[in-house]
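Engineer: Next come the chains, spelled out residue by residue.
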Amino acid sequence: MTMKIGGFAGNVLDVDLTKGEIKQNRLDDALAEKFIGGFGLCLKFAYDRIRPGTEALSADNPVILGAGPLVGTNLPSSSRVYAVTKLPTSNTIGWCGAGGVNFGYLLKNAGFDHVVIEGKSDHPVYLKILNDQVEICDAEALWGKDVEETYLILRESVKMPAGIISIGQAGENRVTFSMAFIDRMATLGRGGFGAVMGSKNLKAIVVNGDQGIRVADRKRYDALSKSFFQRIKEYRHLKEWQDLGLLKSFPLVPVETYKKIKKRRIACVSCPIGCKDVVEIQDGKFKGFTAGTSSAMNLFTPLAYGFEDYREAVKCTATLDRYGLDMFEFFGIMSFAKTLGDNGIIPKEQIATEIVIDSLASMEIWAKKISLREGLGQILADGFHRILQEFGENAKAYAPSLVKGMHPYAGPGSALPWELFGTMELGQLMEPRGPHVGSGGSPTYFARRPLDVFPRHLARMGVPEAAIERILSGVNDPECEEALKIGSLLKYSHGWFTTLGSLGVCARGQINRFYSASICAELYETVTGIKTSLEDLRRRVERVWTLYKLANIREEVEHKGEVPPDQWIGESGFKNYVTQKPLTREEMALMVEDYYQEWGWDRKTGVPTPETLKRLGLTEY
Amino acid sequence: MAKYEIQANTENCTGCLRCQLGCSNLYTKAFNPCVAYIRVNVSGADCSITFTEDCTECGVCADHCFYGALQKEPKESSE
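Chains A and B are the protein sequences, given in the same order.
Counting in the numbering used here, the first sequence runs from 1 upward without gaps.
Counting in the numbering used here, the second sequence runs from 1001 upward without gaps.
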């Protein structure tokens, strides 16, 4: 069952949990070329398989998993895994992405590029994929167990190595901000992917395979990968990134504190940075407590919510991870609930256990109440929308910033108090899936990057020369209010994210800095054998993201959901990236319009124009 | 083909498997860590690095390591 083009495993696994049916189908070569692979093909399958108006937590909502054509090779950080489904928190068709740890390369080695899971089992199950031996297995004994326990039991049960996606109790109980975890570390699913798995009674997916991935042009590949390897080895900050990971950018604790608890840095397959961690608390009440995490930065994040003891922060994050909760949404919900309690909108007797945001004991109790839907946790588990519904108009005035029903985690009043308005910040508004900074990367990342580095980085991201000029046209004009066109630039952030995700490469800045759009085109052609110029790749990328937009327009999540929340405006709101003056609603609206226009979508409504659809070969959508 | 003494420093290993990918690609013309002559097993904080009987000591695994977990020294010729 090998494919004639390289890189791809060549097959799509179709699972119907209602009927208990499993089918293995060949991946269509022409489709792979048109939508690149990985992220792009996941979206194509989602468009085809998700019927408009499908309820996110119904049996009708399919889950589409996939890994791009570079996954399984030794190219740097080519291990990315994507899932696309209807997300319950934002009610959008959205992606969830994770460094695949072991899952991506093993899925490919089992012979599959994609897995489509439909229906709902009438009892808890897990999906076991061992090469072409695919089985829906009973998971009664796993139901009720947390992410870590589930991972350890399943890992013992199959021949090593194994890639494992699992959910905790939060996913089982359809908490709308629950996530799944890959190999108990990598988070998959801000927006409620865990709840979608739980709604199918699907506790986990286990994969192992040994079929191998072949590249089309070995000679060219060897030359390209050798030069890549050398460039990374010679990178002057490599050791620092390997030692500190994301803490280099977010120094939430002193380096000595991190080194004290660091036991091992873990890398997804083929990654030269390794941003995942295993830590062990060395002293105090939690001495000997160990945790694995998607990054040490995440472990320490409760410090940003007021925790004072880093050991309690680590314990808190580990608890949330084990239940399978999205930390940012959890703290946003708890802060909102506390405010409503303090103002008498949620009656005291209903709260029962005091909500103390910076207390480990309180947060662990609430994590349990939400995950098991106990007491007020039953309401909180359904997210902001349900809280607002339950506690009426009075609650509205106290709500944090919300975009498409979710709390943006970067910006005024959010966990990451970034104040300059770059592409990641605007991206939280423009992401069809709901607020996420993951796809909005550009040199505005972590703000205050000097403007003179922009042309080089933009060219690397594949921005055409004319667009670079347009985006930066006002930079040297002190009178120009829109010196840097963030809206126009965001198109290319989303395009760059689509490029990397569709190939199967991690989008994190520390990694993607070694890639460029032209190298991506060359790698894609070398690995797959599909003729691909930079222009070809750009067009396919535009096709993928435009189809993503169309899928959500079909769901009626369009322009009306892309209005900046009030908290973003005014003196305490976001600031212009260049002038650092507070942004007005009108200025933000202009950026939104610029973004639509740059894509070739209607400037006012965001609907792709007939000309754009024709150019991209999407007229049938 | 030159032979090398491969030194494994498990403390530095992150389980990225680039060594297994490089080995399998050299000997089977496919990226297939399961058939590599070097085996890395990272489980939580524990790590083991072993070599199968088929290992030719060519050093390609060490050439692929980003983390200093594998290093190679030329073996003195026995001839």
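Please note that the accuracy of each hint is not assured.
As the list claims (entries may be wrong) - Pairs of lysine-lysine residues, derived as BS3-like cross-links and limited to a Cα-Cα distance of at most 27 Å, are as follows:
id, chain 1, residue 1, chain 2, residue 2
1, B, K1029, A, K233
2, B, K1075, A, K287
3, A, K23, A, K120
4, A, K219, B, K1003
5, A, K287, A, K120
6, A, K263, B, K1072
7, B, K1029, A, K338
8, A, K226, B, K1029
9, A, K4, B, K1072
10, A, K285, A, K262
11, A, K260, A, K219
12, B, K1029, A, K239
13, A, K226, A, K259
14, A, K396, A, K239
15, A, K248, A, K233
16, B, K1003, A, K531
17, A, K260, A, K226
18, A, K262, A, K248
By construction, these hints were calculated from the structure, which means they are not laboratory data.
Engineer: Tell me if the straight-line CA distance from K226/A to K1029/B falls inside 27 Å.
Structural biologist: Holds, at about 16 Å.
Engineer: Given the hint that K260/A pairs with K226/A, does the C-alpha gap stay at or below 27 Å?
Structural biologist: violated (35 Å)
Engineer: Quick one, are K1003/B and K531/A close enough, alpha carbons at most 27 Å?
Structural biologist: Roughly 39 Å separates the two Cα atoms, so the pair is violated.
Engineer: Holds or violated: K1029/B and K239/A, Cα atoms, limit 27 Å.
Structural biologist: Violated. K1029/B to K239/A sits at ~31 Å, over the 27 Å cutoff.
Engineer: Has the given pair, K1075/B with K287/A, been kept, meaning a C-alpha gap of at most 27 Å?
Structural biologist: violated (45 Å)
Engineer: Would you check the hint for K1029/B and K233/A, treating anything up to 27 Å between C-alpha atoms as holding?
Structural biologist: holds (24 Å)
Engineer: Holds or violated: K262/A with K248/A, Cα cutoff 27 Å?
Structural biologist: holds (15 Å)
Engineer: For a C-alpha distance cap of 27 Å, please report whether K219/A and K1003/B respect it.
Structural biologist: holds (24 Å)
Engineer: With a cut-off of 27 Å on the C-alpha distance, tell me whether K263/A and K1072/B pass.
Structural biologist: Given pair K263/A, K1072/B holds - Cα atoms ~25 Å apart, limit 27 Å.
Engineer: Assess, step by step, whether the Cα of K285/A is no farther than 27 Å from the Cα of K262/A, and give holds or violated.
Structural biologist: holds (18 Å)
Engineer: Run the distance test for K226/A versus K259/A: straight-line Cα separation, threshold 27 Å.
Structural biologist: Status violated; Cα separation ~32 Å.
Engineer: Quick one, are K287/A and K120/A close enough, alpha carbons at most 27 Å?
Structural biologist: violated (42 Å)
Of the numbered hints given earlier, the model fails hints 2, 5, 7, 9, 11, 12, 13, 14, 16 and 17; all others are met.
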